[in-house]
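*Asks:* Given chain A's structure and the hints, the job is docking chain B onto it.
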Amino acid sequence: MSQRQVLQVFEQYQKARTQFVQTVAELASRPQNIETLQNAGVMSLLRPLLLDIVPTIQQTAALALGRLANYNDDLAEAVVKGDILPQLVYSLAEQNRFYKKAAAFVLRAVAKHSPQLAQSVVDCGALDALVICLEEFDPGVKEAAAWALGYIARHNAELAQAVVDAGAVPLLVLCIQEPELSLKRIAASALSDICKHSPELAQTVVDAGAIAHLAQMILNPDAKLKRQVFSALSQISKHSVDLAEMVVEAEIFPAVLTCLKDPDEYVKKNVATLIREIAKHTPELSQLIVNAGGVAAVVDYVGDSKGNVRLPGIMMLGYVAAHSENLAMAVIVSKGVVQLAIALSEEPEDHIQAASAWALGQIGRHTPEHAKAVAVANVLPKLLQCYLRADASEDLQTKSKKALKNILQKCVHLPALEPLLHDAPPNILKHVVGQFSKVLPHDSKARRLFVTSAGLKKIQEIKAEPGSALAEYINTINNCYPEEIVKYYSPGYSDALLERVEQYNPKA
Amino acid sequence: MAAMVRLLNETDNIVETAYQRKNAAEAERIQEFAASVKVQAWFRGSRVRCYVKHLNKCATQIQRRWRGFLGRQFFRYYVKNCVLVMKLNFYNLQATKVQKVWRGYYVRKYVFNYYSRKRYLEALVIKNDIIRNELEEYAEQQEQNRRRESEAKDKAARERLARKYHYLISTHVIPGVFNSPYQPYPGPMEYTLASVKPLMHKKKKSTNNPYDPAWKSYGHELPKPQQLPPLPHKPQGPFREPDEVQNQRYKEFQPTLRVATSFTALDEAREKMKAEEWVGRINDDIFVPFSRRDHMYEPLLHSTSKFGHLPYGTNYFREEFVDKHVTRMPFKTVVPPIPVFEKLNDTYSQGQV
Chain A
1 MSQRQVLQVF EQYQKARTQF VQTVAELASR PQNIETLQNA GVMSLLRPLL LDIVPTIQQT
61 AALALGRLAN YNDDLAEAVV KGDILPQLVY SLAEQNRFYK KAAAFVLRAV AKHSPQLAQS
121 VVDCGALDAL VICLEEFDPG VKEAAAWALG YIARHNAELA QAVVDAGAVP LLVLCIQEPE
181 LSLKRIAASA LSDICKHSPE LAQTVVDAGA IAHLAQMILN PDAKLKRQVF SALSQISKHS
241 VDLAEMVVEA EIFPAVLTCL KDPDEYVKKN VATLIREIAK HTPELSQLIV NAGGVAAVVD
301 YVGDSKGNVR LPGIMMLGYV AAHSENLAMA VIVSKGVVQL AIALSEEPED HIQAASAWAL
361 GQIGRHTPEH AKAVAVANVL PKLLQCYLRA DASEDLQTKS KKALKNILQK CVHLPALEPL
421 LHDAPPNILK HVVGQFSKVL PHDSKARRLF VTSAGLKKIQ EIKAEPGSAL AEYINTINNC
481 YPEEIVKYYS PGYSDALLER VEQYNPKA
Chain B
1 MAAMVRLLNE TDNIVETAYQ RKNAAEAERI QEFAASVKVQ AWFRGSRVRC YVKHLNKCAT
61 QIQRRWRGFL GRQFFRYYVK NCVLVMKLNF YNLQATKVQK VWRGYYVRKY VFNYYSRKRY
121 LEALVIKNDI IRNELEEYAE QQEQNRRRES EAKDKAARER LARKYHYLIS THVIPGVFNS
181 PYQPYPGPME YTLASVKPLM HKKKKSTNNP YDPAWKSYGH ELPKPQQLPP LPHKPQGPFR
241 EPDEVQNQRY KEFQPTLRVA TSFTALDEAR EKMKAEEWVG RINDDIFVPF SRRDHMYEPL
301 LHSTSKFGHL PYGTNYFREE FVDKHVTRMP FKTVVPPIPV FEKLNDTYSQ GQV
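For the protein sequence lines, the chains are A and B, in the order given. Quick note: the first sequence uses my numbering, first residue 1, plus one each step. Quick note: the second sequence uses my numbering, first residue 1, plus one each step.
FYI, nobody ran anything at the bench for these hints, they're computed from the structure. All clues given are correct.
Once the Cα atoms are required to be at most 20 angstroms apart in a straight line, the calculated DMTMM-like pairs of lysine to aspartate or glutamate come out as:
#1 B:Lys109 <-> A:Glu325
#2 A:Lys224 <-> B:Glu149
#3 A:Lys430 <-> A:Glu465
#4 B:Lys272 <-> A:Glu94
Treat the numbers as computed from the prediction; the structure is a model and nothing was measured.
So that you can see chain A by itself, here it is in the shape it has in the complex:
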């Protein structure tokens, strides 16, 4: 045997291995092959290949593993059970950048499924290795590491705290300053995942100076980056007034409003979420948004978008209006009521209707002026319809009832109340009649109108239990009219008249 022949055997073996991992990696990218691969025992075959002497084979094996683990949590668990993670973590610090990328991909794929799996990734000491990868020069490695860290942190506060304790935050903040768009995106998303759990975590991210850099990227033309940036900013500002104020101090305000006109749906939604999270904290912050023209922009946005994208905008209007009557008036003059009414009638889904009803209730509950503005938009019958609809969810029913009650208790605009007299159930009718009983004694024109529009007749037809509030209101209304008119409209009065005719004895 010559030396060449001996070497040829090795060469063939290496070629076969290479071909095997490459084919497996390719097969693993199609979901329909996964089960077959799993049954064929691919895990136990790939594991030794991770330790192969040829770097290409190692990388491809890691890639195949990552694709398998990405598919479902059973396979991810198999990766954990197979003790593959320690090898990967060990080699994360050692190997070249391609391998690092592939290993980070496997870690990410394992960590994404459940908190337990993410915890097992953390238990292998992956965090430190990943944080070191963030310091790597190659943007691809940084991207993969940031992605994995983000997937680990997104599950719960403990895991996010572990990520923060490993010192990832300053490096992620550095990553968002890199020129590569995809790295920026993923770093922003990781920061967003870290901050979403608790005020302390968000404060840590803020202390690392993330807000200024995130705020700079608001006007970036890349839509996917903007999604993540706005998501991160809203996750930061949702926790407390201080954090929201810090976000506002980055002078995001007139600039973010332009993003409400973005063609990308998710950008719009995330911007509206950001505005909502800021507005919900204090009247001052809401006032600031209103003064920047934010309400008009949000109202336009609510009008332009459909479905779930609308929801944060609707809630933002509600939060702003809930703070004070002045702000509610600002929403009204920005034509917010009309858009909310359209959303209430157009949207088929219950939770969006419920949000619209809630927002309208918040707008109308302050003064008669507010209630009138809401009532004039013909909202009350729609709210009543939402409340009475048979297939409405419980949340929608309670929200629309609350809103109706809030608005009715302030409403003195009688033309809007009259239709409710005819088709409201007793618990709503009580408030409607109550409003009539408050207004009618003081307004002669309204009394006249009330009779001609057959309101009085309707009142007489109501059967109220004596002693209840409703009966009292009816009594008050009846007292504002002469007895004959009240009698005339009482049901059964014609019979009484005929009876009198019978009993009458002519004197002649």
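*Replies:* Just chain B, lined up with the frame of chain A:
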């Protein structure tokens, strides 16, 4: 004695007289008694009446004085009260006026100023219009940009297609597929084909690169100048000594440390160190913590420092020197604050309500 005798003589007479008188008196006695009683009664009556009248007069006098005194006292008291009530009412009225004015002022300035609110809302409407216009313009501009881009893309794709199918163009003799002989005019594609250049095959990179002035490649060899540059006629001085020049020309090579060290020296040293370590190690399997929860999490040596993590940002957010505090309790003012003045200039700033 005579007198005695006379008396004795006259005794009967006297007795007679006495009887007579007595009888007379007896006869008159009851009447006189009644008369005297009447007289006495009248007298006594008038005397007592007079006395009682006197007493009544005195009592009236006393009562009058006393009542006058009491009345004057009551009057003084009453007047005092009246004045007090009057003053009180007056002051209340004034206080109400002051309060009314103050409350009006306060509410208009700090709580609800109708005109300011109105102005604010009007300004807000204008601001909203401006923002709406701006956003509209921005959206339109973005839309235009996108449209332009997509048009350019479409156009490029069309042109590429036309170039690709350029070989289907009709010639003078044979009409192409786009130039149907059954129609009066050729189709639009025909004109497009005529307007573009045919797609050529990719140029293969020539292997014998000439000299590239952009320094991207030198090809196989450096270009050789056709002729040498002309020499000047006379060498220009002053020159150094020939020995010195000779020494400098053939002096020993003295590289810097960086140049002298091998480029891979660091890696080699690391390899060597690892090999040495491997010799001393008993077990090759590195024990890696996998899923033990009872131990503390051990960070790598690489990422720790002797200074540890900053407590700032995780344990606390603001510096405070508790040991320098005089007392643990926060300071409190002695005088309770006046709530209205606390609110002053706090709820209000220029330009907003």
